[in-house]
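Given chain A's structure and the hints, the job is docking chain B onto it.
So the sequence lines, in the order shown, correspond to chains A and B. Counting from 1, position 189 in the first sequence corresponds to residue 189 in the working numbering; the numbering is continuous, with no gaps. To get the working numbering, take the position in the second sequence, counting from 1, and add 1000.
No wet-lab data here; the hints were simulated from the structure. Cβ atoms here follow ideal geometry from the backbone N, Cα and C, with glycine treated the same way. Keep in mind that the hints are not guaranteed to be accurate.
[To be verified] Some chain B residues judged to face chain A by a derived CB distance under 7 Å, without partners named: (1) 1117; (2) 1412; (3) 1415.
[Unchecked claim] Some residues of chain B that are not near chain A, with every Cβ distance over 12 Å (derived): (4) 1015; (5) 1021; (6) 1033; (7) 1100; (8) 1113; (9) 1118; (10) 1189; (11) 1239; (12) 1280; (13) 1286; (14) 1312; (15) 1319; (16) 1421; (17) 1452; (18) 1504; (19) 1531.
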Amino acid sequence: MLRTLRTSLILTLALGAGLAGCGDDRDTLVVYTPHGRDMLAHFGAAFEEANPGVRIEWLDMGSQEVLDRLRSERTNPQADVWWGAPAEIFELGARDGLLEPFRPSWADQLPPEGRGEGDLWFATYLTPEVIAYNSAALTREEAPQEWDDVLDPRWRDQVLIREPLASGTMRAIFSSLIYRESEGTGNPAAGYDWLLRLDAQTKEYVLNPTLLYQKLARQEGLVTLWAMPDIEHLKATTDYPIDYVIPASGTPVVIDGIAVVRGTRHPELARAFVEFAGGETAIVTAAERFFRIPARTDIDPAHYPDWLREALEVIHPMEVDAALLREKTPEWMRYWDSNIRRRGRAEGF
Amino acid sequence: MRRSSRWLVWPVLGILLWLVLYPHLFVVGDSVWLDGRFSLEGYRTFFQSRAELEALWGSLWISAGSVVLSALLGVPLAFLFTRFDFPGRTVFGALAALPVLLPPLVGVIAFLFLYGESGIFTRTVQLVLGLERAPWRLTGGWAILLVHAYSMYVYFYLFVAAGLARLDASAGEAAESLGASRTRIFFRVTLPMLAPSLGAASVLVFMTSMASFSAPYIFGGGYRVLTTQIFTSKMNGELTMAMVETVVLASASLLFLALHRRFERGRAFAAVGKGTPAARREVKGKGARILIPLAGVGGVGFLLLPHLTLVLVSFVPEGAWTTQILPSRYTLDNYRMLFTSPQLWTPVLNSLQMATLATAGNLVFCFFAAYLIVRGRFRGKGGLLFLTMLPWALPGTVVAMALATTFSANEPWFGRLVLVGTFWILPLAYFIRNIPLVAQAAIASFRQYDPALEEAAHSLGASAITTMRRIAAPLVLPGLAAGGLLAFVGALGEFVSSILLYTYRSRPISIEILSQLRSFDFGAAAALGVVLAALMTLVFAFGGRYVRAGATGAARG
Chain A
1 MLRTLRTSLI LTLALGAGLA GCGDDRDTLV VYTPHGRDML AHFGAAFEEA
51 NPGVRIEWLD MGSQEVLDRL RSERTNPQAD VWWGAPAEIF ELGARDGLLE
101 PFRPSWADQL PPEGRGEGDL WFATYLTPEV IAYNSAALTR EEAPQEWDDV
151 LDPRWRDQVL IREPLASGTM RAIFSSLIYR ESEGTGNPAA GYDWLLRLDA
201 QTKEYVLNPT LLYQKLARQE GLVTLWAMPD IEHLKATTDY PIDYVIPASG
251 TPVVIDGIAV VRGTRHPELA RAFVEFAGGE TAIVTAAERF FRIPARTDID
301 PAHYPDWLRE ALEVIHPMEV DAALLREKTP EWMRYWDSNI RRRGRAEGF
Chain B
1001 MRRSSRWLVW PVLGILLWLV LYPHLFVVGD SVWLDGRFSL EGYRTFFQSR
1051 AELEALWGSL WISAGSVVLS ALLGVPLAFL FTRFDFPGRT VFGALAALPV
1101 LLPPLVGVIA FLFLYGESGI FTRTVQLVLG LERAPWRLTG GWAILLVHAY
1151 SMYVYFYLFV AAGLARLDAS AGEAAESLGA SRTRIFFRVT LPMLAPSLGA
1201 ASVLVFMTSM ASFSAPYIFG GGYRVLTTQI FTSKMNGELT MAMVETVVLA
1251 SASLLFLALH RRFERGRAFA AVGKGTPAAR REVKGKGARI LIPLAGVGGV
1301 GFLLLPHLTL VLVSFVPEGA WTTQILPSRY TLDNYRMLFT SPQLWTPVLN
1351 SLQMATLATA GNLVFCFFAA YLIVRGRFRG KGGLLFLTML PWALPGTVVA
1401 MALATTFSAN EPWFGRLVLV GTFWILPLAY FIRNIPLVAQ AAIASFRQYD
1451 PALEEAAHSL GASAITTMRR IAAPLVLPGL AAGGLLAFVG ALGEFVSSIL
1501 LYTYRSRPIS IEILSQLRSF DFGAAAALGV VLAALMTLVF AFGGRYVRAG
1551 ATGAARG
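Chain A extracted, bound-state conformation (with noise of 0.2 Å):
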């Protein structure tokens, strides 16, 4: 018995180091992005063909796990670029020193809001929040058309939430409404009061978008909130029943970024990956391709896709102040988690 377990150890490490040997010489260019597989599966062959000799390796990963881990590996950076996240979790890179400045040819083409301050991250692409329904069990007539919509008594145990805490959407329409019932002056009274209404609504916090579309396709539930690129390319791809309304009062409009990681091994080639995934060809393709909508304000409507074009004529992002959202979303997550998850019901609503 011995000696079979001590052969089948040195086959599996030989088989590991054979393995391990085949490398290739190409530079490497490693980038951490919660952008999915398609879309970096198809940038990263186009950015290789456009530089001979280079290789792309990605992480596929949440936003926030992209903070966690390059706060982690900050000794030993393991990473170039960083391709992905809402402007929020990008200033914590900052706080902590994460980042490192570039400043893209394309930069000025932004708003000031996609700008991250010191030139250490600019924007790439929006992303506007919805309200998404099943379209098979309701029309869109039916469906909820406002953010107050959904706390109708007819939607009581119909709504689903992904799980807010670990989600960069979530947080961003949580803290949009809290700041939209303060009627601007950021006290949040009124705000924890409306999500409270909603939590007494709401069926179940989701854990992952998967299964959020998995529950809201098998009618466990019939309305979410969510973003909408991600249920574009889930329409486009997928048989899932679900589709969305864009509420005409306005909507939060998240600011997804891209920056280059302190310490990278390859400064140049990183620098080159975010003047390439910002430059007009790489965002016109995201749009037509991926559903991303272009965050730069100079490119011509006429490149855009249809669905696009007709969108951004619905969309009207909510007013809100982004620095104090930026600085006030963890202590507000903070208090729903403590004092308004699974209360709404206790709180008589």
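Just chain B now, kept in the frame of chain A:
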């Protein structure tokens, strides 16, 4: 233990101090280090917060409940399959260990597809009873307990089965000849002799439940436990609070370990005698003849349902299965995509390689550590045991974070190397996380055989090494191998620490599954999960043979 093998203490203790204790001191440090100075503010906040205390109680209750339920499920099954003989016993006995072979992430999600509100089982019940709404929702404390009992009874099952295999039948026979009834023999002879196995399994289940994250997170529905609180704090950027919660969690786990030690102390469990396991009883009596196999087979069938669900999901095109009880369309696409992708085999090979390395380390290290803990006579033995159990008291995320902090700087004088971002950090993490499991298995085996055997060998002139090779190793092997097998399949599918430590080159299977899930590819994730489960089953099937061969070898020797 004789003087000649006393030097063993130093390497074993050294490794434990360096790899287990040292990294975790960083965690404790972070919990009391606020803005560059010492402060207990974090702890004060913790003990004044209603939500945090609720989470602490939640964790304790869930863990205690998991121990009870897992024992109720695992112990009878172990007796059934080791003590009775009936057709299909071997096959079903092996299948009963299947829950450990359910891959992470997709495994838990298979539960949802089965027993969740829109699950197959739930919708079937709804249809049969003609209900308008789903009869239940898989959420809250009891849902967590159910999932825990399902996935953790295996510890009781395997440990008790191994204990029964080592059990000397003569004690029972002696009691019988003295006129004791069967029940009396069970409670006064068999059960006390199984106490080490039961104790070890209880400790493992309690600590695993304390550190369990995905079940409370997916099924908890707002039921607070400490692991989810840690996650929440971390997500919210409150690192000190996360560390405080971690220290509280670890303390609770270690307190349970201490209680278990106190209870065990001063009891001699070792079987004196030659160690012939009891003969299996043919099932007699008409009713029992049908009932016992039926209970066994039925139980195992129930345990297999999540695996079958996973297989089913792997054949469903994305988004095609919504309100039907069973999917309406099937496809081979998920597998076709998997097997034509050149990227598939890299994670599979990575995982195999890393799990092998880690488990080989575990087997060697834990054999010696257990030897010292059971046979050693030196001061600070309790400390040694404490160190071998420490990794279990800490959630995987914390072990990973501790390693990432410790091994991120090149200060050889402080025992720190840069391992973050290299291949070696993952096997190291698997090794550390599995020390308690393998060590507990080995310790239970050492406790159960009589040291007189070693003394006899010694008095016959055998050297320390010969004694260990010819007496200790063969006798401990079945238990050690059982622990090693669990460790290996665990490492093969490990997810919680992998996610923090993997690099592009060392990405394991679980990370590939997560990546599929992230791109909303449920079918592909399930297909990969099926591949992983098949791999684990293969290992288990081969490994199981060794365990049994070892057991008979030990019985003969």
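Outcome of the hint check:
1. Proximity of residue 1117 of chain B to chain A holds as hinted, the smallest CB-CB distance being about 5 Å (cut-off 7 Å).
2. Interface hint at residue 1412 of chain B: violated, since its Cβ lies 15 Å from the closest Cβ of chain A, which is beyond the 7 Å cut-off.
3. At a threshold of 7 Å, the smallest CB-CB gap from residue 1415 of chain B to chain A is about 15 Å, leaving the interface hint violated.
4. Even its closest Cβ contact with chain A, about 20 Å, leaves residue 1015 of chain B beyond 12 Å, as expected for a residue assigned away from the interface.
5. Separation of residue 1021 of chain B from chain A is adequate, the least Cβ-Cβ distance of about 20 Å exceeding the 12 Å criterion.
6. The Cβ of residue 1033 of chain B lies farther than 12 Å from every Cβ of chain A, with a closest approach of about 16 Å, so its non-interface assignment holds.
7. With a least CB separation of 20 Å from chain A, residue 1100 of chain B remains clear of the 12 Å interface cut-off, as annotated.
8. Against chain A, the non-interface label of residue 1113 of chain B is violated: not every CB pair exceeds 12 Å, the least being about 9 Å.
9. Listed as outside the interface, residue 1118 of chain B is inconsistent with that label: its C-beta sits roughly 4 Å from the nearest C-beta of chain A, within the 12 Å cut-off.
10. Consistency note on residue 1189 of chain B: stated as away from chain A, and its beta-carbon is indeed over 12 Å from all of that chain's, at 31 Å minimum.
11. Listed as outside the interface, residue 1239 of chain B is inconsistent with that label: its C-beta sits roughly 9 Å from the nearest C-beta of chain A, within the 12 Å cut-off.
12. With a minimum CB-CB distance of about 23 Å to chain A, residue 1280 of chain B clears the 12 Å threshold, and the non-interface call stands.
13. The beta carbon of residue 1286 of chain B is kept farther than 12 Å from every beta carbon of chain A, the shortest such distance being approximately 41 Å.
14. Non-interface call for residue 1312 of chain B relative to chain A: holds, since the shortest CB-CB distance, roughly 14 Å, exceeds 12 Å.
15. The beta carbon of residue 1319 of chain B is not kept farther than 12 Å from every beta carbon of chain A, the shortest such distance being approximately 4 Å.
16. Under the 12 Å C-beta cut-off, the non-interface status given to residue 1421 of chain B relative to chain A is violated; the minimum distance is some 4 Å.
17. For residue 1452 of chain B, the condition that its CB be more than 12 Å from all CB atoms of chain A holds, with the nearest at approximately 26 Å.
18. Not every beta carbon of chain A lies more than 12 Å from that of residue 1504 of chain B, the smallest distance being close to 4 Å; the non-interface claim is violated.
19. Here residue 1531 of chain B stays apart from chain A, with its beta-carbon at least about 17 Å from theirs, past the 12 Å limit.
This entry does not satisfy hints 2, 3, 8, 9, 11, 15, 16 and 18, going by the numbered hints stated previously.
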